[in-house]
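Chain by chain, the residues run as shown.
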Amino acid sequence: MTADDVILQVRGLTAGYGAAPVLQEVDLTVRAGTIAAVLGANGAGKTTLLRTLSGLVRPSGGEIVYGGQPLRDVPVEQLVRRGMAHVPEGRGVVAELTVDENLRLGGLWRRDREDAGKALAEVYELFEPLAQRRRSAGHQLSGGERQMLALGRALVARPKLLLLDEPSLGLAPRVIAQIMALLRHLRDSTGLTVLLVEQNVRSALSVADEAVVMSLGRIVTATSADRLRDDEELRHAYLGF
Amino acid sequence: MDRFVFLTFDGLSKGAVLAAFALALVLIWRAARIVNFAQGAMAVAAAYAGYSVTTATGSYWLGFGAALVGGLLIGMVVERAVMRFVDHSSPLSEVIVALGLVLVMQAVLGMVYGNEFLPAGTPFSRNALSVGEVPLLSRYDLFVFGAVLLVLLGLALLFTRTSVGLRMRASAFAPEVSRLLGVNVGGMLTLGWALASAVGALAAMLVIPTELGLHPHAMDLVFVSAFTAAVVGGLDSPPGAVVGGLTVGLILSYVSGYLGSDVTPMAVLVLLLAVLLVRPGGLFSSTVARQA
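Each protein sequence line maps, in turn, to chains R and V. Just so we're aligned, residue 1 is where the first sequence starts under this note's numbering, counting upward by one. Just so we're aligned, residue 1001 is where the second sequence starts under this note's numbering, counting upward by one.
Bound conformation, chain R alone (with noise of 0.2 Å):
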């Protein structure tokens, strides 16, 4: 692996809310182009790693390194123009605002507006039931029309790397799968990088290529997802079925 098939490299982080550290002492190397999979239980710490990762949160240590550059008190809303985007725990869809508006949201920062035009018409294009409802509210919106929604609004800022959790959460397995299916066209189609938090295990290494799995706070183990997947024993020790 050279440095340039590495996108993101997080070495020693430690992070947390108030005096207690969350995260402690978290390495982690995720490849262009590859969908990484952060899993573990509640309370693992995998929402404060992507909340740390853009910025969020602010780390007490460590090093965040992000396309060859040190992300050090870069702040939250210049991340996207480096092609980070972040859709948050609970998909973070405006409600007050129609699907438009929120995906215009997404691209508004961007000066080129006719790419953020033609990114906009992608998405639509993307996710149809969106363009039958570009007038409704997000409060208005099933579950599964608000996570395509979320998806969509970080998609037209054409990000480099999609920091992504829990897109699974509340919504069915039909649904989860096309989730999981659109990433896997999205890493294929756009050399997209995810990195995906899941508490939906199986879900998550159907499309993932790497897997890590958290534990209080800490990564505990970092292997392909193929051998999380195929391996029991692995399985059994780190995700306990």
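FYI, nobody ran anything at the bench for these hints, they're computed from the structure. Treat the hints loosely; a few may be bogus.
[Said to hold, decoys possible] Distance ranges between label pairs, derived from CB positions:
id	chain 1	residue 1	chain 2	residue 2	range
1	V	Ala1056	R	Arg135	47 to 55 Å
2	V	Gly1058	R	Arg134	23 to 31 Å
3	R	Glu128	V	Gly1100	49 to 57 Å
4	R	Arg135	V	Val1263	43 to 51 Å
[What the hints assert, rightly or not] So the derived list for chain V, only partly shown, Cβ under 8 Å to chain R, looks like this:
id	residue
5	Asn1115
6	Arg1139
7	Arg1161
8	Thr1162
9	Arg1167
10	Pro1175
11	Glu1176
12	Val1177
13	Leu1180
Ideal placement from N, C-alpha and C gives every residue a C-beta, glycine not left out.
Following the hints, put chain V in place on chain R, whose structure we already have.
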């Protein structure tokens, strides 16, 4: 009947100003979840800036413009230098800081300009134009309606048709998500305060000439009525602020006209109590539950 018609138009004119002032309160509430008790003092400070320019240049319109620009700047400074550093975990701390600001600003204005009422002129006659035998509206009332309408339309366009308005709304509803989407939430908050303060300054410039004149406490009672208007309409709702303002203006006018001006503060309180008992969120409060 003639009296009723006259009081109705008078009430609508008063209500238009209250609507603008209530709108200023709503703008800040939506952006920062703060009831800006300093709005009156900020508006008076901007009006004093306008007074200074008018006195120096002899031009009402230069003073009018200076008051609006002063309002913008005062809003920016208050947000950047004071409100941004207030502990937002308790609403009480914001209220106390805002009330502290009122005391400081009114004291400073009193020291600089004195505590006497200063004359505030109008650009148009305040003599009512009659239709038939019934006095209806003055040219100044028409100016008030026009100015408030222009501001309402401008704000509506800003919020619904421009990318800045979209950023401002998103920042108000979902600040964290907005930051993740590249929106400068702090900047939008400052802009919200600046706009609200300018709208408040406009209301002060419109209402002060119809009262006793310019004084550090000139907007105190207007604030009470406008606050009632904002709560009646629903603190979250700009259209509610407009309807609330017009309603309170009409009630003030009718009560003052038929029962005497001593009773008007009571009428405002009764209205506030009635709305809070029947519909605590205000007439135009949103019933939307956040699901996302």
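Now for the hints, and whether the structure bears them out:
no.	hint	in the structure
1	V:Ala1056 / R:Arg135: 47 to 55 Å	51 Å, holds
2	V:Gly1058 / R:Arg134: 23 to 31 Å	54 Å, violated
3	R:Glu128 / V:Gly1100: 49 to 57 Å	55 Å, holds
4	R:Arg135 / V:Val1263: 43 to 51 Å	47 Å, holds
5	Asn1115	45 Å, violated
6	Arg1139	40 Å, violated
7	Arg1161	11 Å, violated
8	Thr1162	11 Å, violated
9	Arg1167	6 Å, holds
10	Pro1175	10 Å, violated
11	Glu1176	7 Å, holds
12	Val1177	4 Å, holds
13	Leu1180	5 Å, holds
When held up to the earlier numbered hints, the structure conflicts with 2, 5, 6, 7, 8, 10 and fits the remainder.
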